[in-house]
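Protein sequences, first through last, are from chains A and B.
Just so you know, we're using the UniProt record's numbering here: the first sequence kicks off at 1 and counts up by one.
Just so you know, we're using the UniProt record's numbering here: the second sequence kicks off at 1 and counts up by one.
These aren't lab readings, by the way, just hints derived from the structure by calculation.
Wrong hints could be hidden among the right ones.
[Claimed, not checked] Only pairs whose alpha carbons sit at most 30 Å apart, straight line, appear in this in silico DSBU-like list of lysine-lysine: (1) 54(B) x 189(B); (2) 172(A) x 106(A); (3) 172(A) x 19(B); (4) 193(A) x 19(B); (5) 134(A) x 172(A); (6) 102(A) x 172(A).
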Amino acid sequence: MNTVLQLVSTTAALVSVALGIYLGVKWAPVGSRFNARPALYAMTGAAVALLALGSWMGLVWTPPEREMGHVYRIIYVHVPAMWMAMLALVLNFGCCIAYLFKASWKTDALAEAAAEVGLLFGTYGLVLGSIWGKPTWGVYWDWDPRLTAMAIMLVTYVGYTALRRFVEDPEKRAVWSSVVGIISGINMPIVWKSVQWWRSLHQVQSTPKTVDPDMVLALRVNAWASLILLVLFLLHRYRIALATREAEVALPSALPTDTRANPSEVV
Amino acid sequence: MRPGRSISLPRSVGVLLAKDLLIEWRTRARLNALVFFALATLLLFSFAVGPDTKLLARNAGGYLWLALLFASVLALGESFRVEQENLTLDGLRLAPADARAIFLSKAVGNTLLLVALGALLIPVMVALYGVQVAMGPLPFAITLLLGCMAISAPGTVYSAIASNARARDVLLPLLLFPLIIPALLAAAKATALVLQGDPMEQLGSWYGLLSGFNLIYWGLGFALFPRVIED
Numbered sequence: 001m002n003t004v005l006q007l008v009s010t011t012a013a014l015v016s017v018a019l020g021i022y023l024g025v026k027w028a029p030v031g032s033r034f035n036a037r038p039a040l041y042a043m044t045g046a047a048v049a050l051l052a053l054g055s056w057m058g059l060v061w062t063p064p065e066r067e068m069g070h071v072y073r074i075i076y077v078h079v080p081a082m083w084m085a086m087l088a089l090v091l092n093f094g095c096c097i098a099y100l101f102k103a104s105w106k107t108d109a110l111a112e113a114a115a116e117v118g119l120l121f122g123t124y125g126l127v128l129g130s131i132w133g134k135p136t137w138g139v140y141w142d143w144d145p146r147l148t149a150m151a152i153m154l155v156t157y158v159g160y161t162a163l164r165r166f167v168e169d170p171e172k173r174a175v176w177s178s179v180v181g182i183i184s185g186i187n188m189p190i191v192w193k194s195v196q197w198w199r200s201l202h203q204v205q206s207t208p209k210t211v212d213p214d215m216v217l218a219l220r221v222n223a224w225a226s227l228i229l230l231v232l233f234l235l236h237r238y239r240i241a242l243a244t245r246e247a248e249v250a251l252p253s254a255l256p257t258d259t260r261a262n263p264s265e266v267v
Numbered sequence: 001m002r003p004g005r006s007i008s009l010p011r012s013v014g015v016l017l018a019k020d021l022l023i024e025w026r027t028r029a030r031l032n033a034l035v036f037f038a039l040a041t042l043l044l045f046s047f048a049v050g051p052d053t054k055l056l057a058r059n060a061g062g063y064l065w066l067a068l069l070f071a072s073v074l075a076l077g078e079s080f081r082v083e084q085e086n087l088t089l090d091g092l093r094l095a096p097a098d099a100r101a102i103f104l105s106k107a108v109g110n111t112l113l114l115v116a117l118g119a120l121l122i123p124v125m126v127a128l129y130g131v132q133v134a135m136g137p138l139p140f141a142i143t144l145l146l147g148c149m150a151i152s153a154p155g156t157v158y159s160a161i162a163s164n165a166r167a168r169d170v171l172l173p174l175l176l177f178p179l180i181i182p183a184l185l186a187a188a189k190a191t192a193l194v195l196q197g198d199p200m201e202q203l204g205s206w207y208g209l210l211s212g213f214n215l216i217y218w219g220l221g222f223a224l225f226p227r228v229i230e231d
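So here's chain B without its partners, still in its complex pose (with noise of 0.2 Å):
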């Protein structure tokens, strides 16, 4: 590239999230600690409410969303320690790209692994809990993608800051699951109604929240996150 030429964002934003896919897939680590996480917590959920099939089932959705949340914790804490380590994000931000796209790509990279782990997830509840999938796979989709989103935008400028702070395992749950729960509890509701079937057509209304709430949070971390990371 000739010197003094910016990269556009869309394109920056590729390529700092093929980097990131690229760490991820080189180690894997990462991932293979999360699927192992959230196996566990969703065993311990079947162990901690007893035996009982029936409730499990009608409660599968809160805890999906509980065990992706945890999980998620653990994932966006690493997604900035990646950077931290040999101190890359400074090398990015010397880079001629808007630091913005730091934020898109960190914020859809997350957005990915929590959509995979969720979809690794399913064949599990529906083997522990016995539930069934009474709407189909789309709207189980769109529920999981908005409910990954809605976690991973506001996560992704708390890891940032909780990255450099002290105590920082404390600090991403003490200030990212107050601020998500509007967002985790239609994420639960909607995929109760996908699991048990939406006789009274509310599913549209969360569905409505949760891309409310995207809309916030993604605008207001694109907006943020230049001064979250500047020196």
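Chain A extracted, bound-state conformation (with noise of 0.2 Å):
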């Protein structure tokens, strides 16, 4: 039964992230006459239906924890927003640095989207680990080193995605925030390793090898649907950040010609 599960939910997670990206990219770029939204529309049918059946899971399906009782039932939730939220911060660390190996707006596009993605699951886990902090230390917010340097992170990246609104030049702006990336991005390895290196309130790292055989599957399942509907995200955030940039880059022919660039049409 568990090895079926797994198996499905790892098929469907992986089918609908490949389809996704490439119908959604590849085959169907922004502004091409073919349609995209099919492809769009079965990612977030197969992350509803995992997401279902990962909530019924752990609900219901696991049984209680033996210190916390139902209230470990959060990190079926609160764990894979984690994950998701790392997965797209090292995303937008590799956009980053590929940028500056090679220009593309792609590239800056997508850096663009990995960012706010990341900060949005992040945020989200954050939340999601206070509500479990009350029952469970007693405090929303405990000066942790883990809770404090994913805070600190956190906002690096609202500052970098200040800085992107900030700077009106498309190219100055993707080679800043590029440099900014990189260095914000410094901070990860911290974030990961800060519950083995200070060893405080925050429980080590949630994975498979360090859960309850019987809570594994029930993780996985959830974390399959958050892959879903992180790509999903990451997708159309993606394809606005793209159209926004042909935007930007296409306008200046647009306008009417600076006559100062030009001193023989000055009458």
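Fit the two chains together into the complex; they arrive one by one in their own frames, and the hints show the way.
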């Protein structure tokens, strides 16, 4: 039963993610006459189905935890949210490095999408963690190294997204935000390792290796559902960013020519 | 100099640094403003906390670094505004010098400015908060130097970016403050140990953290800065 469900959820997630990326980016890019909507609808359907299955498993199917009882069940959304945040921010880091080596509007648009979606998932995970912290630790927020490091990292990415809003020249914006993205990305290993370096309130990372075997499958199904959602959000945001960039870059040629640039036209 | 020959990196850093220091010395406007700003910040802390000398003395390390950090935003913002005014940054880029030399000279210049400011603030802290420097001047100087270097390296990269962007006065602190929290924490802890004595020998580990931070961000700034100011 476990192996079958695991295979089904993994296959559903991987197929829908691959199909979504292929159809959404390769086959039907922004502005093409082909429609990427069916692929995006199919991904949404797969995500909703897996989320429903995962929620049922997380809330009903898995046993309560020995010490925390039912309160622990938030890990089925908190942990995948944090994984997806890390995944998106690693993607942002990769895109920032790639842009400095080879300038491309696609890389820049993907970096923008990854930072914003990563920020979204990270904030969501942080809020979920606080909700869990109140009944478990007695406080919503504790200045634990993991919590503090994660909050600091999210604020650095708020700075990154603010920078993108404050620079109008698209080329300068792309280069500068790549530099800032690389500098901000240095924090990520610190956040990931913080629970091992400073052993304090937050437990070590919950991964399939550290949680009870009864809980692994529900965690995996929820993680696959989150992955589809992540890719779906990334695709949407990427297409918006790319369309915005195309509009920005195409704009100057549509404007009347600047007479100062061409002295012969000055009467 | 013969045409076509470029200047070595250390030499161009020296020339650029001398130029910045000369401008600084001739106007002295930035230094004066910084000193009074930092003094006002220190005074404000004692008003905000209340006239509890014990509490002030215990937190003096944190207050010193917050005052330096706030002042550093002014100093960093100003360091590229000088280059912006008459488009001199374009001139620097055209000169046969390495763009990384601009980073090094600006970062070293900002470090020197902040170290000087920190040295000026110590007597004020002794008078206002009643602190004693338990461990002598050398550990204090090392802490000050490492901490100011940690603010200057990412600060120089970010101020070069922010000086060209819209809303630059908001952008620099927004980018810089979260990034240097580890360095601020280490510098404040190290200063507290220097002021109050270090019976547990913890000072070395904070120096280690600060040195690692400096190594990463000076390296990143050195490698990435040419891309920041390219046209």
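- [ ] Determine which of the earlier numbered hints do not hold for this structure and return their numbers in increasing order.
- [x] Failing hints, ascending: 4 and 5.
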